[in-house]
Amino acid sequence: MLKFILRRIMMMIPQLLILSILVFALAKAMPGDALTGQLAQSPKMDANTLMEMREKLGLNDPVHIQYVRWVKNLLHGDLGLSYIHQQPVTDLLSGRLANTLLLSACVLLLTYLIAIPLGLVSGRWQDSWADKLIVGYSYVSFATPLFIFALVMLFVFGFKLGWFPTGGSVDIQVEKGTLDYYINKFYHLLLPALSGALIGTVGIIQYLRSEIIDTKVKDFVKTARAKGIPESKIYSHHILRNSFLPIAAFLGYEITGLIGGSIFLESIYSYPGLGQLFLQSIMQRDYSVVTALVMISGLATLIGTLLSDIILSAVDPRIRIE
Amino acid sequence: MSNQPVLQIENLRVSFRVHDAYYAAVDGVSLNVHKNEVLAVVGESGCGKSALALSIMGLHPPAKTKLEGKILFHGTDLLSLSVHELNKIRGKDIGMIFQDPLTALNPLMTVGRQIEEGMDFHLSLSSLEKRGRTIELLERVGIPNPNQVYHRYPHELSGGMRQRIVIAMAIACHPSLIIADEPTTALDVTIQSQIMDLLRELQQQMNTGIVLITHDLGVVAEMADRVAVMYAGEIVEMADVYTLFDRPLHPYTRSLLQSIPSAQHPKERLHVIQGIVPPLQKLPRTGCRFRSRIGWIDESEHEEQPILREVEPGHFVRCICYKNFHFPHDHIGDMKYGIS
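Protein chains in written order, with our numbering: chain Z, 553 to 874; chain W, -3 to 336.
Hints listed in this document are in silico derivations from the structure and should not be mistaken for laboratory results. Treat the hints with care, as some may be off.
Derived DEER-like restraints, expressed as beta-carbon distance ranges [unchecked claim]:
hint : chain 1 : residue 1 : chain 2 : residue 2 : range
1    : W       : K84       : Z       : P566      : 55 to 61 Å
2    : W       : S258      : Z       : D771      : 50 to 56 Å
3    : W       : P275      : Z       : D679      : 21 to 27 Å
These numbers were taken from a predicted model, which means no experiment stands behind them. All C-beta atoms, glycine included, are put in the ideal place defined by N, C-alpha and C.
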């Protein structure tokens, strides 16, 4: 198992290399360069100074040298300088990254907490009224755009009922590190996470439902029944485990998707995370930040697939590599 | 052989719901299986033999199936039991061997666990005892290195090995009856005979009754004590194996036997039964159900309400059409079979 994981991580190296080349090429292909943003703030700068600065920053060097320098800096954790915020990208990201990861993890956890029981009920008691209700819910949630649903949630529970805070990730007055701080943080997290989770369940519910429906007529389930095993045990030992395989495979992609999905959530709930920053940076052409964020979400995708492979190999003996 | 049969099926009708109507796949079947006896049920695909096997185990989806008649196991009517009560019998007193060992095992569970699982519910043994018993079972069904195979997953074993595992599961709690639903169909010929040998050996050791569902007459000749030939949901002929191969009466039985390639006459054209078993919804429900496939026989040769008659002790045949039956290329009268 350890060998498998190591080998799987080794496979990520060429993937990362290709990813970095792509991201770099895309950044180069964007109109303007690192100075364009700065230029917008000081329009009086003359062409000579600009040339000098370009030379100093190495922007006139051959592309491959620039690439190698970029990767070198990347490996040292140097993501460059944001010209809009006038601070290193690393500093800009560090606090927000934690926030985004926290929100993503909460959305993911809530999604699974809601979707798995519903999928189980729906698949086991197929065509019952409960099943119809659940399938109905999953279709409605599938058809609801996140940015509208999140707005409605914010309006109803944040403004009208006032049950939840309407923005930010934590109140200013609470002291960092105390228990109150964490409770407050969680309190800010709950509404956005719930909004994301409630309409993100359709994939898991439908997958699990159809897997259970497929699995419960398989031959090995008949074998289990012929052994005289009670129905509840047949579900827990035979049907569910086999039905969870595609859900496990799905998990990796969910992780990737959540970083994209957070853009809406974070913007609507003015939650200081990467998604919100991403949107801002694209609008303001803050090129070094965009590059860093694309790189991060690319990395998240790779980690997501790595995780699904590890989970799959843990639950399915057939794909374990000896 | 005790006189009290292990299994006694009386007038069993198994109907499946297709849209809004029920269609019988097994239609009025009665048979007995005694201790230490192998009863083979033969017929083409779709004749209802597997439906019969699954109904004994209560494995049909209840919402789509209607079961009528009686299935008495040691005198208890299995059809009258709740699932909970049935679970105390199946897997313990009745074991089942399935057709396809590739799909009959849970791919995510070690074979050792799968064999043990039935014991969890039927026998009160410690986990160590269960394990010992499982390894003993693996040895008994001819698995080399049982200690290692115990920890293997199904995909790591060959088809023949997996069928041995399925058999070990069926006999794990010493059943008095085994239902074997085409146990060798999915295996290649050499493995088939090994599995049949194993089954016979186990049957002799444990004195179980076996209901052997098969379409392979070679397997029947090798294994069975008595044979029931099924066509379109009904038993058309039933006799002990010697009588059946020696004096087959019903046109269907004779057609089946004619269709076996023979090593003695390799050049001869093989007999083919015309047509196919009609699909469930189009099954003939009146008269001799086989008549459409022996169209050259005059309609008047059939009975209107064919019943299973005992033509000699222990030999039952349905319909009277056997009396003047002949194959199309034979001269009438040349091949007259029959006793009366």
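Hint check results:
| no. | hint | result |
| --- | --- | --- |
| 1 | W/K84 / Z/P566: 55 to 61 Å | holds, 58 Å |
| 2 | W/S258 / Z/D771: 50 to 56 Å | violated, 35 Å |
| 3 | W/P275 / Z/D679: 21 to 27 Å | holds, 25 Å |
In summary, the one numbered hint that this structure violates is 2.
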